[in-house]
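Student: All chains should be modelled from the sequences, with the hints used to inform the complete structure.
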Amino acid sequence: MFLAYRFLEHQSPEALSKMLWQHKIGHQITFNQGVHELWVVDKAYATEVHRLIAIYEGHAPQEEVVINSSHAKQKNAVLNKNTLYLACKQYPVTLFLIAITLLVSLITQLGTSYASLGWFTITPIIVENNLLYSMPLSSMWDTHAYWRLLTPAFVHFSMMHLVFNLLWVWEIGRKIEKLVGAFVWLIGVLIMAVASNTFQYWDVQSPLFGGLSGVVYGCIGFAWLMPYIDSKWPRLISKGLMMFFLIWLGIGYTDLPSSLGLGNMANTAHLVGLVSGLVCALVYGLLIKRR
Numbered sequence: 001m002f003l004a005y006r007f008l009e010h011q012s013p014e015a016l017s018k019m020l021w022q023h024k025i026g027h028q029i030t031f032n033q034g035v036h037e038l039w040v041v042d043k044a045y046a047t048e049v050h051r052l053i054a055i056y057e058g059h060a061p062q063e064e065v066v067i068n069s070s071h072a073k074q075k076n077a078v079l080n081k082n083t084l085y086l087a088c089k090q091y092p093v094t095l096f097l098i099a100i101t102l103l104v105s106l107i108t109q110l111g112t113s114y115a116s117l118g119w120f121t122i123t124p125i126i127v128e129n130n131l132l133y134s135m136p137l138s139s140m141w142d143t144h145a146y147w148r149l150l151t152p153a154f155v156h157f158s159m160m161h162l163v164f165n166l167l168w169v170w171e172i173g174r175k176i177e178k179l180v181g182a183f184v185w186l187i188g189v190l191i192m193a194v195a196s197n198t199f200q201y202w203d204v205q206s207p208l209f210g211g212l213s214g215v216v217y218g219c220i221g222f223a224w225l226m227p228y229i230d231s232k233w234p235r236l237i238s239k240g241l242m243m244f245f246l247i248w249l250g251i252g253y254t255d256l257p258s259s260l261g262l263g264n265m266a267n268t269a270h271l272v273g274l275v276s277g278l279v280c281a282l283v284y285g286l287l288i289k290r291r
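Position one of the sequence shown corresponds to residue 1 (UniProt numbering), numbered consecutively onward.
Check each hint, because a few of them may be wrong.
[Claimed, not checked] Within a straight-line C-alpha distance of at most 20 Å, the following computed EDC-like cross-link-like pairs (lysine to aspartate or glutamate) qualify: (1) LYS175 with GLU128; (2) LYS239 with GLU171; (3) LYS175 with ASP42; (4) LYS18 with GLU48; (5) LYS178 with GLU48; (6) LYS18 with GLU171; (7) LYS43 with GLU171; (8) LYS24 with ASP255; (9) LYS232 with ASP42; (10) LYS18 with GLU37; (11) LYS289 with ASP42; (12) LYS178 with ASP142; (13) LYS89 with ASP42; (14) LYS289 with ASP230; (15) LYS24 with GLU14; (16) LYS89 with GLU48; (17) LYS24 with ASP42; (18) LYS24 with GLU48; (19) LYS232 with GLU37; (20) LYS178 with ASP230; (21) LYS178 with ASP42.
What the hints contain is simulated information worked out from the structure, not anything from laboratory work. These numbers come from a predicted model, not from an experiment.
Tutor: Below, the structure written as structure tokens:
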């Protein structure tokens with residue numbers, strides 16, 4: 001991170017911060033020695049940041065601030081063509097995670113097609129004479145099907161569950177990926193998914209569970225803890241949002257979700273995912289401090 005701007009006492013940082021987020025520039029506003037400071041994640045954005053600061057201060061030429069409609073339409077057309085490419089370049093792991101989840105949800109028909117569902121559960125399931133049979137966890141080790149430790153994360157059993165998880169993976173996961181890089185984010189996703197799936201199976205002794213909820217809770221835990229480890233890390237999770245996820249975690253241990261028609265929640269996966277995210281934050285924080 002680098003210090004890009006020190007606000008005057010009468011200046012409010014909200015407007016500049018909003019402009020930076022609109023341009024997808026990771027940053028953090030801190031308060032130091034009586035004034036606000038703007039810290040930007042990557043020096044590669046320095047030129048764009050200085051341009052936006054000039055606009056914020058009112059020093060930029062008017063034509064840079066107000067664009068005529070024809071030019072705006074041309075610019076939007078170019079942006080629309082490049083949006084997918086840029087997104088794939090910036091958030092490859094997050095987009096792949098979303099794409100494979102949508103594909104698996106389609107193949108399994110949201111968990112209603114047991115024949116295809118058995119390809120992705122942590123242990124194989126077999127349907128014979130309208131009866132459902134599951135194999136022990138040892139069968140996964142015996143056949144070296146280690147990918148089954150991961151694939152339950154892609155299985156969802158309702159549209160609401162699918163949309164909820166994908167929205168949070170996109171909202172928080174892509175920001176984490178941009179801050180830590182695709183490789184580190186991939187390792188984090190694998191750890192969160194495998195840990196939450198494994199402990200959930202050990203808890204219920206049944207392969208009929210799934211979802212990205214463990215990864216979502218891992219994202220929440222990681223993003224919440226990092227600003228406490230590194231003061232320059234942007235605060236992606238508010239206290240209110242963290243409280244919401246903790247309350248929802250607690251509700252999962254009650255009968256309320258079932259009474260609302262949401263079914264049984266994979267509570268252990270949620271809890272282990274959260275703990276995994278916190279542990280990943282601690283390890284990552286120690287590593288970056290040693291650089």
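Student: When you check the alpha-carbon spacing of LYS18 and GLU48, does it fall within 20 Å?
Tutor: holds, 14 Å
Student: Within a Cα-Cα threshold of 20 Å, do LYS178 and ASP230 meet the stated pairing?
Tutor: Roughly 16 Å separates the two Cα atoms, so the pair holds.
Student: Please work out if LYS89 and GLU48 have their alpha carbons no farther apart than 20 Å.
Tutor: Holds, at about 19 Å.
Student: Are LYS43 and GLU171 close enough, with their CA atoms no more than 20 Å apart?
Tutor: violated, 23 Å
Student: Between LYS89 and ASP42, does the CA-CA distance stay at or below 20 Å?
Tutor: holds, 16 Å
Student: Are the Cα atoms of LYS18 and GLU37 separated by 20 Å or less?
Tutor: holds, 15 Å
Student: Would the hint linking LYS175 and GLU128 be met if the CA-CA limit is 20 Å?
Tutor: violated, 45 Å
Student: Given the hinted pair LYS24 and ASP42, is their alpha-carbon gap at most 20 Å?
Tutor: Measuring from Cα to Cα gives roughly 11 Å; hence the hint holds.
Student: Holds or violated: are the alpha carbons of LYS175 and ASP42 at most 20 Å from each other?
Tutor: holds, 13 Å
Student: For the pair we were handed, LYS289 and ASP42, check the Cα-Cα distance against 20 Å.
Tutor: holds, 17 Å
Student: Is LYS232 within 20 Å of ASP42, Cα to Cα?
Tutor: holds, 12 Å
Student: So if I understand the rule, the pair passes when the alpha-carbon distance is 20 Å or less; does LYS24 with GLU14 pass?
Tutor: holds, 15 Å
When held up to the earlier numbered hints, the structure conflicts with 1, 7, 8 and 12 and fits the remainder.
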